[in-house]
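Starting from the structure of chain H, add chain Y where the hints point.
2 protein chains.
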Amino acid sequence: MTPDSQPSPPALAGSIAIPWRQGPVGIVGLGLIGGSLGLDLQRQGVEVRALVHREATAERARQRRLATDVGTNPAVLAGCSLVVLAIPLDRLLEPPQELVAALPPQAVITDVGSVKAAVLQRWRDLHPRFVASHPMAGTAEAGVEAGVAGLFAGRPWVATPEPRTDPACLAVVQALAEAVGAHWLSCGAAEHDQAVALISHLPVLMGAALLQTADRAGAAGAGDLAGLVRALASSGFADTSRVGGGNPELGTLMARCNREALLAALGVYQQQLAALEQQVRQGDWQGLRQELNRSQELRAQFV
Amino acid sequence: MTPDSQPSPPALAGSIAIPWRQGPVGIVGLGLIGGSLGLDLQRQGVEVRALVHREATAERARQRRLATDVGTNPAVLAGCSLVVLAIPLDRLLEPPQELVAALPPQAVITDVGSVKAAVLQRWRDLHPRFVASHPMAGTAEAGVEAGVAGLFAGRPWVATPEPRTDPACLAVVQALAEAVGAHWLSCGAAEHDQAVALISHLPVLMGAALLQTADRAGAAGAGDLAGLVRALASSGFADTSRVGGGNPELGTLMARCNREALLAALGVYQQQLAALEQQVRQGDWQGLRQELNRSQELRAQFV
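Just so you know, the protein sequences line up as chains H and Y, in that order. Each residue of the first sequence is one higher than the one before, counting from 1 in the numbering used here. Each residue of the second sequence is one higher than the one before, counting from 1 in the numbering used here.
Hints listed in this document are in silico derivations from the structure and should not be mistaken for laboratory results. Each residue gets a CB set at the ideal place from its N, CA and C atoms; glycine is no exception. Do not rely on the hints blindly, as some may be mistaken.
[Stated by the list, open to error] Every beta carbon over 12 Å from chain Y, so not counted as near; a handful from chain H, in silico:
{"id": "1", "residue": "Gln22"}
{"id": "2", "residue": "His127"}
{"id": "3", "residue": "Pro163"}
{"id": "4", "residue": "Gly188"}
[Stated by the list, open to error] Covered, in the sense of this in silico footprint (three residues per stretch, anywhere, with C-beta under 8 Å from a C-beta of chain H), are these stretches of chain Y:
{"id": "5", "segment": "54-62"}
{"id": "6", "segment": "151-161"}
{"id": "7", "segment": "188-194"}
{"id": "8", "segment": "200-213"}
{"id": "9", "segment": "217-225"}
{"id": "10", "segment": "228-238"}
{"id": "11", "segment": "285-294"}
Next comes chain H alone, as it looks inside the complex (with noise of 0.2 Å):
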């Protein structure tokens, strides 16, 4: 904490007293979050400056209205009291040396990404204002056509402060977070990536295999099997199925930048399901329903 440089504490969502309405508002990359954080905080009156990759992309922001300004140039952030990371987290944990040279020194920093403890660690010295933040808004729609007003209403914004990182700061990324109707929370990095790895990355590779199974066992098997499946498999297969069959580069970065805390997910799963496995086998019916008891009470408490 450094008194001298810390905006006053954040007032109701609302209030002018809020810091990050004392300046114009930054986003870099114009995808499915900084687009929609664009269009929700452009409805508050704020201004929104955004930073894309490519020409074409800011042609497109600019006819959908995302942001007040749109370049290509990092020197659109400056003047910035808030500047949102919103690219992929491969660009956010190797970020070009030019977008960390144009954040603006005296400007709360914070990101989007799904995955905490490697953001933390690549940015925690990259500058002094970083708060490591995790919007859980959808993820299947992706670019510049996939902003929409009211993302965020109601969905939990995640921060994960460190001993080091500046209340002050974390109070502005939570008056933005709450600016835009979303559930504020605050954890460890660690839990955090535990969490995702439980509730998140672990269904896509379950979702993977199981797509996987239903294709490999139908064409091994007799007859049109592989036919019957396609033909057979309805709300219950497309459930389960939802986010394994999502994008495969996002699912590809949460496995790379999520691996130890997926592993032991992954590991624990293979192991509750080998015990129902082996109720089945045995044919211990009153122990299976049991189990499902169990799962139907379990689902109530998450969701």
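Then chain Y, alone, in the frame of chain H:
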């Protein structure tokens, strides 16, 4: 085939030549499938006679007009030209003697069980005009309140005839299925059971194991990981765990009645998952990306 007792071949749905329109249709059980069928048939002017287990159910079914007549005495089925056994799989596999005795010898009999080899094995000698079938409509709701009109429209209705199945009886069931708008399919019972193990029963165990994993890993984690996973679980987790958190009784019955096919599906799934795990462990990101690309392509074939 017994030529003397054959009804005339089915005509197009809506024609008076359809044999099941020559007499009332009986439905045993007025849960989701039976109740929905009763509503659809009555809308087409068909007289529906329903047999249920308890008088309270009969009373409620009469209030909901799920059938023209509802009774708890099997004699209600007398005179029916077609009887649909819409009872739970365990009762179907161990049918009450009085039910079997009450089925008119000249009626076509079909069932709606979600496993077919075990049903055929039990029923092929109980009634000469039995046809095994499986309308694949949603199973989340159950009981006398569950039936809704239009449930079968556009959904698969699979028959699993064997060489001794009377083709004329099969045609009657096809006409019934098509009259309620279902998409008719026919295959072997073993093939059906393998397909539903892959697309329907395996996802139940997958989802249950996921819920237990998130619960147990959460409870074993540092800090409030248990609370965090519950706070952060969103649509991806909800979808992947949906059928795993479904009806425990139904899930147990499916596993019990389709054990071998389910164990085979589970074995392939565990291999596929282990292969993905190996790629993550070895950091083979190019290989993982290829597998996730393939999964994305596959899903479009299934959904």
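>> Hint by hint, where does the structure go against what was stated? Just the numbers, ascending.
In response: Checked against the structure, the hints that fail are numbers 4, 5, while the rest are satisfied.
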